[in-house]
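Student: These protein sequence lines are chains G and L, in that order.
When the letters of the first sequence are read in order and numbered with this note's numbering, they come out as residues 1 to 453.
When the letters of the second sequence are read in order and numbered with this note's numbering, they come out as residues 1 to 301.
Don't take each hint at face value.
[What the hints assert, rightly or not] Here chain G is said to cover these stretches of chain L; the calculated rule only asks that three of the stretch's residues, wherever they fall, bring their Cβ under 8 Å from a Cβ of chain G:
| # | stretch |
| --- | --- |
| 1 | 152-164 |
| 2 | 192-205 |
| 3 | 217-223 |
| 4 | 282-290 |
[To be verified] Listed next, with one range per pair, are the computed distances between beta-carbon atoms:
| # | chain 1 | residue 1 | chain 2 | residue 2 | range |
| --- | --- | --- | --- | --- | --- |
| 5 | L | T121 | G | D104 | 45 to 51 Å |
| 6 | L | P219 | G | V178 | 39 to 45 Å |
| 7 | G | G399 | L | R33 | 34 to 40 Å |
| 8 | L | A285 | G | R192 | 51 to 57 Å |
| 9 | G | P70 | L | G96 | 41 to 47 Å |
| 10 | G | E451 | L | G187 | 56 to 62 Å |
Source of the hints: derived by calculation from the structure; they are not laboratory data.
Don't be surprised by glycine CBs; every beta carbon is placed ideally from N, CA and C.
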Amino acid sequence: MFGFGNYRVRDCQGLTRRSFLRFGAGLPFAAGMFGSDHLAQGAELAKAKSVMMIWLVGGPSHLDLFDPKPNAPAEFRGPFAAISTRTAGMQFTELLPRLAAGSDRFSVVRTNINYNGGHRPAGSIAWTCGRASDGGEDGNGKPTGYPPHLGSIIARSRSSSGLPAFMSLARGPVGDGVGPCLGYGGGVWGSRYDPFMVDCSKLGQVSISELKLLDGLTPARLNDRQRVLGELNRVRRGLDLAQLDQWDGLHQKALQLLRGGDTLNAFDLSRESASTRTRYGRTSFGQSCLLGRRLVEAGVSYVQVNWSQFAEVFYPFSDYGWDTHADNFGLLADWHGPLLDQVLSTLLEDLHDRGLLEQTLVVCLGEFGRTPRINSIGSRDHWHPCYFSVWAGGGVRPGRVIGESDARGEYPLTNPITPEMVGTTIAELAGVGTQQRAEYRVLEGGRVIDELL
Amino acid sequence: MNCCKALRARILIVMSGVLVVAVQSLPAAEPRRLTHDGERKLAPLFVEKGEAVIFAAHDEPNRVSLIRMRLSDGKQDRVDPKLTAHQFDPDVSADGRYLCFVQTYTSPQSILVVRDLKEGTESRFIPQEARGTVRGPKISPDQQRVVFTLSDPGGQQIASVDMKGANLKRLTESAGTNAWPAFSPDGRQIAFSSSRDGGFHLFLMNADGGNIRPLTNHPLRDMRPAWSPDGKRIAFASARDGNLEIYIVNADGTNARRVTNHPDRDDFPVWHPDGRQLLVVSERAGDSDLYLIDLDDIPRS
Numbered sequence: 001m002f003g004f005g006n007y008r009v010r011d012c013q014g015l016t017r018r019s020f021l022r023f024g025a026g027l028p029f030a031a032g033m034f035g036s037d038h039l040a041q042g043a044e045l046a047k048a049k050s051v052m053m054i055w056l057v058g059g060p061s062h063l064d065l066f067d068p069k070p071n072a073p074a075e076f077r078g079p080f081a082a083i084s085t086r087t088a089g090m091q092f093t094e095l096l097p098r099l100a101a102g103s104d105r106f107s108v109v110r111t112n113i114n115y116n117g118g119h120r121p122a123g124s125i126a127w128t129c130g131r132a133s134d135g136g137e138d139g140n141g142k143p144t145g146y147p148p149h150l151g152s153i154i155a156r157s158r159s160s161s162g163l164p165a166f167m168s169l170a171r172g173p174v175g176d177g178v179g180p181c182l183g184y185g186g187g188v189w190g191s192r193y194d195p196f197m198v199d200c201s202k203l204g205q206v207s208i209s210e211l212k213l214l215d216g217l218t219p220a221r222l223n224d225r226q227r228v229l230g231e232l233n234r235v236r237r238g239l240d241l242a243q244l245d246q247w248d249g250l251h252q253k254a255l256q257l258l259r260g261g262d263t264l265n266a267f268d269l270s271r272e273s274a275s276t277r278t279r280y281g282r283t284s285f286g287q288s289c290l291l292g293r294r295l296v297e298a299g300v301s302y303v304q305v306n307w308s309q310f311a312e313v314f315y316p317f318s319d320y321g322w323d324t325h326a327d328n329f330g331l332l333a334d335w336h337g338p339l340l341d342q343v344l345s346t347l348l349e350d351l352h353d354r355g356l357l358e359q360t361l362v363v364c365l366g367e368f369g370r371t372p373r374i375n376s377i378g379s380r381d382h383w384h385p386c387y388f389s390v391w392a393g394g395g396v397r398p399g400r401v402i403g404e405s406d407a408r409g410e411y412p413l414t415n416p417i418t419p420e421m422v423g424t425t426i427a428e429l430a431g432v433g434t435q436q437r438a439e440y441r442v443l444e445g446g447r448v449i450d451e452l453l
Numbered sequence: 001m002n003c004c005k006a007l008r009a010r011i012l013i014v015m016s017g018v019l020v021v022a023v024q025s026l027p028a029a030e031p032r033r034l035t036h037d038g039e040r041k042l043a044p045l046f047v048e049k050g051e052a053v054i055f056a057a058h059d060e061p062n063r064v065s066l067i068r069m070r071l072s073d074g075k076q077d078r079v080d081p082k083l084t085a086h087q088f089d090p091d092v093s094a095d096g097r098y099l100c101f102v103q104t105y106t107s108p109q110s111i112l113v114v115r116d117l118k119e120g121t122e123s124r125f126i127p128q129e130a131r132g133t134v135r136g137p138k139i140s141p142d143q144q145r146v147v148f149t150l151s152d153p154g155g156q157q158i159a160s161v162d163m164k165g166a167n168l169k170r171l172t173e174s175a176g177t178n179a180w181p182a183f184s185p186d187g188r189q190i191a192f193s194s195s196r197d198g199g200f201h202l203f204l205m206n207a208d209g210g211n212i213r214p215l216t217n218h219p220l221r222d223m224r225p226a227w228s229p230d231g232k233r234i235a236f237a238s239a240r241d242g243n244l245e246i247y248i249v250n251a252d253g254t255n256a257r258r259v260t261n262h263p264d265r266d267d268f269p270v271w272h273p274d275g276r277q278l279l280v281v282s283e284r285a286g287d288s289d290l291y292l293i294d295l296d297d298i299p300r301s
């Protein structure tokens, strides 16, 4: 045996497929030295036609959801009891009874880490699975200093199905009170690879803010090709040179939608049965997850559903989703816990029932967790050294708990799961293999989370 | 109705000579749905002798508002149509003179507002900490104090102020989390939920914070206690059967029994002034709506 970095690789019986992936991911630019057969082996992992990222912005408390510590001291454990799940040896808190009952459909990682404890930098790191080259969010960085978002990477690797390949469901860019996370889109690749932003209301009404420039254009009217082309030409005539670049992006996206034909029906939630819409719940987050499922069905490669200030609001200190510096336990009991339990369990059940889960990778996480030690006002603050993520479908082996945190949930006891590892695993499962990542010069230094597969 | 009554029968199971008794007290009648808009709701209460209700609803994308609904025709109006801050957790004094509620202040702080509807004045209590919060205020029956959950230095505790928002008294100083206080109808006791011993259990204490003693002790959470008008029973929400259901327990802690039995969430119980009905927020039709439960057919033991 010999060790390569932190990971052991067998050398006497040859490289196993998984160890090859680890090795290859560790040396992305050396991938070309292997023949195409090796790369073909790596492609065996590619089970996910689409990826759904359920983004819990703000930092959900790992101790109060997926990693309870019932035996920790009172100043750590929180008030929510631990309940058994369908997965042997895995407990959730009592806030998640439906997910506990359906835990055989997904796996949970309990040792995610981030490198930063601020929303914007941590969010950008989690989305891009890397760090900015220009100083980042805390150093007055710009979007162009960031690696591309994982959705941009996967979208670039796919041929277009008609609809934009990377769609983000929220009312606007997701961030905090200072501004949006800079790693939201194409980054160093440019705005051409930014996500297509879609807003879905709690009533299931869909609007596309980027196309509001086109007077009267709604998703329902996108099928009117002549009207859209007329609007595009009218807008173009009214633009000066400085605006032309922006217009080009708009033009491309509008034309892409036009080419979508019947796939535009994906935006129309009224085509769902009343019972299905009710199962997801009449909230923006619930209806956005339903819209996400429809977009996946229509062939969109990467859909990010954002639980954000734009998706769910209760009162200002929860405007940033799960950023529960105050009243963490009241908010989770009243609002966040039941809502997440209902919507995420429904989404996984729905995807499974439709035969879509096998080909759809669902990953649910935030930028970090919350302090295991309860703060002076009885709540929890930011905590990036250890938190959780939920993985389902798309080649992930369900019903497992990956990694173990310490007795207080403060630090990983087992190998920490880095943002690079999250990104590499998603990319591999979505078919962006070692060689392609090397060509794109992305996700350097990551490795597949072998235990998930 | 008959079918439902049949379902209410007690189930006796004999296993290997050991008598296992599973008692299920199911409501004889289906809860009556009062709202159909499906907007997220919380903390309802009866006002105007049971002829109207006030509750908080997520009625706009970026707003949680207090809504008053007339029960005779279901007509709904915002309590403060022009206010832009969020309002929630309302309470109204028995004579209708005072309205109190929680209002967002400076993010991420929330404050207590006590409105004297007779004098047309408003008093406030603002937590000390910039991120401090107030939740679940309840006006004492003698209309001298307001008790609430205070998250401020010292943790999440039960506290009270006078009707001017002054003279703060901390009624608990325990480990864990304390929440959802409720005065008994005679004003001498306060029921609340606390995790001082592990999970959320119901406790009672005297109105001055003394003589704290447990009322329930189930491993899964019991929360949001609400006293019956005669002071003999306490309704509460509990996860003891998996998802949240409504229960009633005698005020001495005996005879806890389940009122609702539905796979979706039933929460926020409050009593009708006649003591014969409970108002709850339920997601039994998928969305969040108000339902009225007739207790006449619910067994008392």
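Student: Hints first: check each against the structure and report whether it holds.
Tutor: To see whether the hints hold, each was checked on the structure:
no.	hint	in the structure
1	152-164	holds (count 6)
2	192-205	holds (count 5)
3	217-223	holds (count 4)
4	282-290	holds (count 5)
5	T121(L) <-> D104(G): 45 to 51 Å	58 Å, violated
6	P219(L) <-> V178(G): 39 to 45 Å	42 Å, holds
7	G399(G) <-> R33(L): 34 to 40 Å	38 Å, holds
8	A285(L) <-> R192(G): 51 to 57 Å	45 Å, violated
9	P70(G) <-> G96(L): 41 to 47 Å	45 Å, holds
10	E451(G) <-> G187(L): 56 to 62 Å	58 Å, holds
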